[in-house]
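Q: Letter by letter, the chains look like this.
There are 2 protein chains.
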Amino acid sequence: MQPISSSLLLEALNWRYATKKFDRTKKLPTATWAALEQALVLAPSSFGLQPWKFIVVQDAAVRQALSAASWGQTQPLDCSQFVVFAGRKNLDAAQIDRFLDRTIEVRGGNKAALADYRAIMVGSVEKARAGGYLDGWQSRQVYIALGQLLTAAALLRIDACPMEGLDPAEYDKILKLAGTDYTTLCACAIGYRADDDKYATLPKVRYKAAEVVTHI
Amino acid sequence: MQPISSSLLLEALNWRYATKKFDRTKKLPTATWAALEQALVLAPSSFGLQPWKFIVVQDAAVRQALSAASWGQTQPLDCSQFVVFAGRKNLDAAQIDRFLDRTIEVRGGNKAALADYRAIMVGSVEKARAGGYLDGWQSRQVYIALGQLLTAAALLRIDACPMEGLDPAEYDKILKLAGTDYTTLCACAIGYRADDDKYATLPKVRYKAAEVVTHI
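Quick mapping for you: the protein sequence lines, in order, are chains A and B.
Per this note's numbering, the first sequence starts with residue 1, numbered consecutively.
Per this note's numbering, the second sequence starts with residue 217, numbered consecutively.
Simulated from the structure, these hints should not be mistaken for lab results.
Quick caveat: nothing in here was measured; it's all calculated off a predicted structure.
Restricting the straight-line Cα-Cα distance to at most 27 Å, the calculated cross-link-like pairs of lysine-lysine (DSS-like) are: (1) B/Lys-236 <-> B/Lys-389; (2) B/Lys-414 <-> B/Lys-237; (3) A/Lys-111 <-> B/Lys-237; (4) A/Lys-127 <-> B/Lys-305; (5) B/Lys-420 <-> A/Lys-111; (6) A/Lys-208 <-> A/Lys-198; (7) A/Lys-20 <-> A/Lys-198; (8) A/Lys-173 <-> B/Lys-424; (9) A/Lys-89 <-> B/Lys-343; (10) B/Lys-424 <-> A/Lys-89.
The task is simple: from the sequences and hints, build the whole structure.
A: See the structure below:
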């Protein structure tokens with residue numbers, strides 16, 4: 001298969017914007033949403049540990065509660081798919097063993113052959129725990145998945161609104177994450193922009209490349 | 217212009233992997249790298265504040281030093297472009313004003329009309345500082361850019377290796393970030409896989425969708 005062109009890529013990335021008003025009458029074709037969901041599943045992460053849960057909320061009452069927990073923003077109500085990104089807290093050796101079990105399931109081999117690899121991962125995780133940056137490190141991985149979803153959606157010409165303007169503790173309660181090993185980090189509404197979303201036509205505000213990119 | 221197909225998207229995401237061995241004889245066409253650099257510039261972030269610097273390191277001696285500061289991994293030496301992702305520390309009102317100045321430059325308007333918006337941003341930043349999560353919040357944004365770069369590269373059929381196995385303090389010294397408002401978070405090598413990179417043919421290890429995606 002062929003790569004896409006650079007111009008197609010940049011056209012899509014310039015087309016996208018954080019959609020404020022979705023057209024609630026338009027829903028994604030099932031296959032299109034399935035592809036975006038798979039883009040989440042395929043997202044890379046440190047050591048491949050996938051320290052996340054993606055919660056796709058379609059229930060109207062739950063969406064209403066999430067909207068209220070998002071300063072009343074309406075994207076959770078009007079979008080086609082509403083995804084909450086939860087990150088793993090207190091990652092531990094059991095999660096690493098779960099990942100290695102999956103590795104063996106997919107690639108074959110056995111635990112003994114992966115013992116050195118396991119030791120490296122456990123060592124990194126325990127060092128991070130001792131240093132107080134374990135959850136911070138893992139939570140950053142979740143944003144790789146968010147970035148992958150946003151880029152993928154733009155290329156499929158699907159609108160999206162990444163959202164951090166929400167109360168994570170309230171979200172955790174509503175989604176029954178409270179007391180579990182996962183906690184809400186952010187969300188993303190997916191769907192189609194309303195014809196009258198005034199934000200759609202505003203020029204994108206980005207610093208000049210020379211201000212954010214340095215060449216050495 | 218047309219959206220890409222879902223199957224093209226998924227083919228690209230399945231094609232990509234964390235490249236361990238680059239073909240050092242192959243370099244990206246200038247226009248292709250320019251597009252990927254622009255994908256970084258266009259990455260979304262919370263409030264659009266773009267709390268990052270992307271440092272593209274082409275100098276051989278600096279790359280040698282970065283390889284040494286990355287447990288001797290060879291991707292910094294063999295790739296076509298080596299990008300270090302630095303995140304903004306202690307984001308403050310001055311940065312918000314810089315962003316608003318750019319907003320006015322791009323969209324017109326004036327500072328007085330943006331006063332309420334400014335107050336919301338400053339309020340969020342100061343709340344985060346008081347809560348001790350300001351740098352953590354901002355650093356997560358940088359991983360949206362990393363995700364966007366990885367997805368974009370895959371669609372252009374360009375190989376990449378996201379790297380966290382590095383010593384950020386050493387990187388900061390080498391790149392003269394020490395003492396500035398920016399600090400190294402991660403890096404990404406970009407280029408072409410070597411024909412004999414054994415990792416290229418290993419099946420991708422991801423949890424089954426049902427283990428990471430929940431539907432409510």
